[in-house]
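Residue strings, one per chain:
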Amino acid sequence: MRNVKRFLSLILTVAMTLGMVACGAADTTSSNSDASSADSTKEAAAESSTPGSYDQVTYAYCTFNNIPTEEDLDVVEEAINEITREKIGAEITLMPIQIFEYSSKINLALQGGEKIDIFESLGDFGSYVSSDMCYDITDLIDTYAPGAKEIVGDSWLDACKSNGVLYGIPTMKPIALTPMLIYRQDIADELGIDISKVNSIEDVTEVLRAVKAGKPDMIPLAAVQTGEIGLSTNYGEVDFLNDDRYKPIGVLVGDDLTVTDLYGTDHFRDLCKLVRGWYNDGLVMQDAATTNSAAAETMSSGNYFGYLAAYSYPEEDTAASLEAQVAGYDLGAKIIGDAYLSTSDINAITFMVASTTDVPEAALKFLDLTYTDEDIINLLIYGIEGRDYVKNADGSVSYPEGQDAATVPYTAQLSCGTLGNFFKMYQMGVANDASLEWELEQNKSAKTSPAMGFTFDSSNVKTQYTAVLNVISQYLPGLICGSLDPDTEIDKFIQALNDAGYQDILNEKQTQLDAWKAGK
Amino acid sequence: MEKTLVKSRKKRFSNLSLALIALPGVLYLIINNYIPMFGVFLAFKKYSLKKGIFGSDWAGFDNFKFLFKTKDAFIMTRNTVLYNVAFIIIGTIVAIAVAVMMCELGDKKRVKGFQALLLLPNLLSWVVIGFIVYAFLNADSGYLNNTVLRTLGINPVSWYATTGPWPAILIIVFLWKNMGYQSIVYMASISGIDKSIYEAAAIDGASKMKQIFKITLPLLKPTVITLVLMSIGRIFYSDFGLFYQVPQNSGALFSVTQTIDTYVYRGLMELNDVGMSAAAGLYQSFVGFVLVLIANFTVRKIDPDNALF
Amino acid sequence: MTESKAFNRVSTVILTILVVLAMLPIVLIVVASFTAETTLIRDGYRFMPKELSLDAYYYMLKQGKIILRSYGVSFLVTFGGTAVSVLLTTMLAYPMARKAFKYRNLLAFFVFFTMLFNGGIVPSYIMWTRFFHIKDTIWALMIPNYLVSAFNVILVKNYFQNSIPDSLIEAAQLDGASEFQIFVKVMLPLAVPTVATISLFTGIAYWNDWTNGLYYVNNEKFYSIQQLLMKIMSNIQALRSNSNASLLGTGAVDLPSTSVRMAMAVIGILPIVIIYPFVQKYLVKGVIVGAVKG
Chain A
1 MRNVKRFLSL
11 ILTVAMTLGM
21 VACGAADTTS
31 SNSDASSADS
41 TKEAAAESST
51 PGSYDQVTYA
61 YCTFNNIPTE
71 EDLDVVEEAI
81 NEITREKIGA
91 EITLMPIQIF
101 EYSSKINLAL
111 QGGEKIDIFE
121 SLGDFGSYVS
131 SDMCYDITDL
141 IDTYAPGAKE
151 IVGDSWLDAC
161 KSNGVLYGIP
171 TMKPIALTPM
181 LIYRQDIADE
191 LGIDISKVNS
201 IEDVTEVLRA
211 VKAGKPDMIP
221 LAAVQTGEIG
231 LSTNYGEVDF
241 LNDDRYKPIG
251 VLVGDDLTVT
261 DLYGTDHFRD
271 LCKLVRGWYN
281 DGLVMQDAAT
291 TNSAAAETMS
301 SGNYFGYLAA
311 YSYPEEDTAA
321 SLEAQVAGYD
331 LGAKIIGDAY
341 LSTSDINAIT
351 FMVASTTDVP
361 EAALKFLDLT
371 YTDEDIINLL
381 IYGIEGRDYV
391 KNADGSVSYP
401 EGQDAATVPY
411 TAQLSCGTLG
421 NFFKMYQMGV
431 ANDASLEWEL
441 EQNKSAKTSP
451 AMGFTFDSSN
461 VKTQYTAVLN
471 VISQYLPGLI
481 CGSLDPDTEI
491 DKFIQALNDA
501 GYQDILNEKQ
511 TQLDAWKAGK
Chain B
1001 MEKTLVKSRK
1011 KRFSNLSLAL
1021 IALPGVLYLI
1031 INNYIPMFGV
1041 FLAFKKYSLK
1051 KGIFGSDWAG
1061 FDNFKFLFKT
1071 KDAFIMTRNT
1081 VLYNVAFIII
1091 GTIVAIAVAV
1101 MMCELGDKKR
1111 VKGFQALLLL
1121 PNLLSWVVIG
1131 FIVYAFLNAD
1141 SGYLNNTVLR
1151 TLGINPVSWY
1161 ATTGPWPAIL
1171 IIVFLWKNMG
1181 YQSIVYMASI
1191 SGIDKSIYEA
1201 AAIDGASKMK
1211 QIFKITLPLL
1221 KPTVITLVLM
1231 SIGRIFYSDF
1241 GLFYQVPQNS
1251 GALFSVTQTI
1261 DTYVYRGLME
1271 LNDVGMSAAA
1281 GLYQSFVGFV
1291 LVLIANFTVR
1301 KIDPDNALF
Chain C
2001 MTESKAFNRV
2011 STVILTILVV
2021 LAMLPIVLIV
2031 VASFTAETTL
2041 IRDGYRFMPK
2051 ELSLDAYYYM
2061 LKQGKIILRS
2071 YGVSFLVTFG
2081 GTAVSVLLTT
2091 MLAYPMARKA
2101 FKYRNLLAFF
2111 VFFTMLFNGG
2121 IVPSYIMWTR
2131 FFHIKDTIWA
2141 LMIPNYLVSA
2151 FNVILVKNYF
2161 QNSIPDSLIE
2171 AAQLDGASEF
2181 QIFVKVMLPL
2191 AVPTVATISL
2201 FTGIAYWNDW
2211 TNGLYYVNNE
2221 KFYSIQQLLM
2231 KIMSNIQALR
2241 SNSNASLLGT
2251 GAVDLPSTSV
2261 RMAMAVIGIL
2271 PIVIIYPFVQ
2281 KYLVKGVIVG
2291 AVKG
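Top to bottom, those sequences are chains A, B and C.
Our numbering puts the first residue of the first sequence at 1, with every later residue one more than the last.
Our numbering puts the first residue of the second sequence at 1001, with every later residue one more than the last.
Our numbering puts the first residue of the third sequence at 2001, with every later residue one more than the last.
Treat the hints loosely; a few may be bogus.
[As the list claims (entries may be wrong)] Pairs of lysine to any residue residues, derived as SDA-like cross-links and limited to a Cα-Cα distance of at most 20 angstroms, are as follows:
#1 Lys-1109/B with Tyr-2059/C
#2 Lys-520/A with Glu-508/A
#3 Lys-1065/B with Gln-503/A
#4 Lys-212/A with Glu-237/A
What the hints contain is simulated information worked out from the structure, not anything from laboratory work.
Given the structure is predicted, the values throughout are model-derived calculations rather than measurements.
With the hints as constraints, model all of the structure from the sequences given.
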């Protein structure tokens, strides 16, 4: 039973992280990283002077595609090994694991003493660190993964630290989530709604009213997922300090380093009132708090006008790619807020070296290649050229004639953006460099939390956590979906939180945050 | 003198060969259940992968605290126990009733058909069942609101926000899923009853009802006692799917749907703490264990043949 | 006689109602799996949907070969596992039921204890993978957890104890039969109803299981049908929530996720529905016939 639970929570995590995954990037990073990787190559080659005795590194990664057969996987492995033997003196064993079993399998395998040298955090960074599953790479990274370090940058690496110790390297991908209104372009045109005037969540109200007036049968706003109609991505400049954005416990607001109770803020109350208004006026789905359909499904019924969510690509790309999922309805996307980056956005997918590894240096060297070496990255994602994919004239790639993701011997195409460096991958279908630039720019320009790099260790307040999380799942979905009246329920909510030991967690967070700040 | 010696040797031999017959099963349980039981130590440890299960630091009873230091402790324990009691009582009555009726049907083909159909719900996962229940109860397009209540002229009910009906709903869903499955045990027991007893009773002019109440039910007693004793052992456990998937994790229903398992799940989803989940399991098992020992002791006093051990 | 007939009639009526009630939701699932995705979301689940569609099954058909292979794995595991399990279970239960057996209570306690306490998955995992090396083999689906269930052992013991008279055993002993012979020749044939019951329970448990696969199987060659369905569903869910630009034009359009979920439920229980009558036939002497008098 316990694993059903793990599985469920994993699905939620994935639903969240996947919002940030996108594929199809061309090589836009400058060539200076290549130089550094060449240096480490030389070093590595010198170290492994005895041919035949290569370090063995097992790379466990999660795939959304089929697991290839052993024979087909061997071919890819061998192609990777041809590079790694020479460059880093190591041989790689690939261990693709289905997304839905990834966390349980990694946990079991590590605890069962199996050989896994590299794995990814998939949203569980904190718990891997607190159960000692990851190797301290603070001192090793400069020597063995300088390329990755440079590409990712120090500020992102800080997000993978706990108590000053570096435990992993985050994937390099478009990470900044920008809140948007996704809406039916055809309906907006028909009703003459000027979406360009919508610049905040408050502005959305007018649009919803117009839809309700023009199309009384339509439900203007859908839930993006169970218990969530889009408030969570519209809190503004809020750092959730390592908690799930869907279950905030003590946050930072703006540039202030004081741990704040989000639920007690006027901002939260106003947002709940806003949604409550929508709910009472019939502008949102009535059972958003318990629905079991995600926005894409709901939208494809044609009965809904739009939903609020956050994505990491430009408006047009977002709309275009979502259209495929909503039965081809004409969609538009409008940015209604700014992206905001905090620690857990970045360490959501972190590659870590297992604490049980016997080859930490080789593991790091290979990890480095997954950020710097175009060939390695594309072998991991697309497999063997000619067999698993073909290159097009514009530099993008596609599946061979008559094949698709389900039939080629090897592909991990849907995992792109979770493996190493997204910006060095071939693009699938059509190359679009402009979007890539926008994404890189968003990564750089997104406002960053003042506590970037702070990770919270919850072990002193675990008891309070369990109680508080239960209280949150009791009240929060109802409040942010409008089915609970904020005027009466927020106070009850806060009272229940305090009874559950909420304040202890806030205090502990503040203490750790102060210590972190002092140590900086 | 000689005779008793032979007898006791025979007895020893008999004990030995009986033990040998049990041996494969015993070995399996040792490998599959007993040796891995050292994992319960985790409940008292602050787990660290590097240090391993035995090497990790002791945490005393810290891992257990979260089960008690909450206002919900009473609610979740009450819900877990009350639902289990309801399931044991109602479930047993319904299962026996179904089994008795099946056995009285006489027509083999029909019994086969009925039995197969009643078993089907047991093959569905709770996730799918959650969907079905949702299809009946959801506010916008649900069957009850849209079809049944509308026809009756009753205002629609927001089922996932109204606690009142949920104990009944959960019991119905439980029965729906398990009725067929549980009745099978009783059917097997009934079929083990010596037919000549019924024939004799029929000759004596006992009515069908009398036969059921005077012969069938008393002879089912051992089976009922065994099954109830086993259920008591799991009285602090709840079927997670039934209490989590079926109410769609709706916060408004927590006061009637929160059980120990759902509380632990909701609380540990983020923390992912090995020690705390081990502690929860140990606590649930331990309470069940104590209750079973008491119950079994009582049964042993009254009716030694029917005690579990 | 008329009283008995009346009783029979009442039973039939009540059971028919129960069966219909039990079947309604199942019918709903089947209908939903044939309903167009958009209709499903707009109108909810209906017994008479406005628009029918085979999309869900087309989607599953694309995975046809894999599904067939997984059916094969599931059948093998279910039948193989159940056979071994029934043997081990009855052998364990028999001594417990013999009043002559000195350690019967100890053994009963030993068995029952496993129902209550367990050490969690990690120690079991270490045991089975490190010492028995069952990872990524068919044994991984059969051996851990399901071979001996305390619940079944106690059911069988209970049956042996209450339904088989001691005189039979004594008679066999007088004939000079060994304990093993008594077990095989006297007890097992008389225990058919309970053997049928536990076979059914064990079979269902094996068929529905996906946890062994989750823990011990990574090679898709050994995916059981449940594990496969789980995988398909979670991948759809992942694709759905992933606004993946590169999916454009690759044909992964319009994933019918709700109806697929229903189709998967149908696919998961369909083989059981098909083979159940045959299994029942093989258990002629089992529950049903044994239970039906006259």
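Structure-based check of all given hints:
Of the pairs offered as hints, the one joining Lys-1109/B and Tyr-2059/C is violated, with about 37 angstroms between alpha carbons and a cut-off of 20 angstroms exceeded. Among the hinted pairs, Lys-520/A with Glu-508/A is consistent with the structure: their alpha-carbon atoms are about 18 angstroms apart, no more than 20 angstroms. Restraint check for Lys-1065/B and Gln-503/A: satisfied, since their Cα atoms lie roughly 17 angstroms apart, inside the 20 angstroms limit. About 31 angstroms separates the Cα atoms of Lys-212/A and Glu-237/A, which puts this hinted pair outside 20 angstroms; it is violated.
When the structure is compared with the earlier hints, violations turn up for hints 1 and 4 and for no others.
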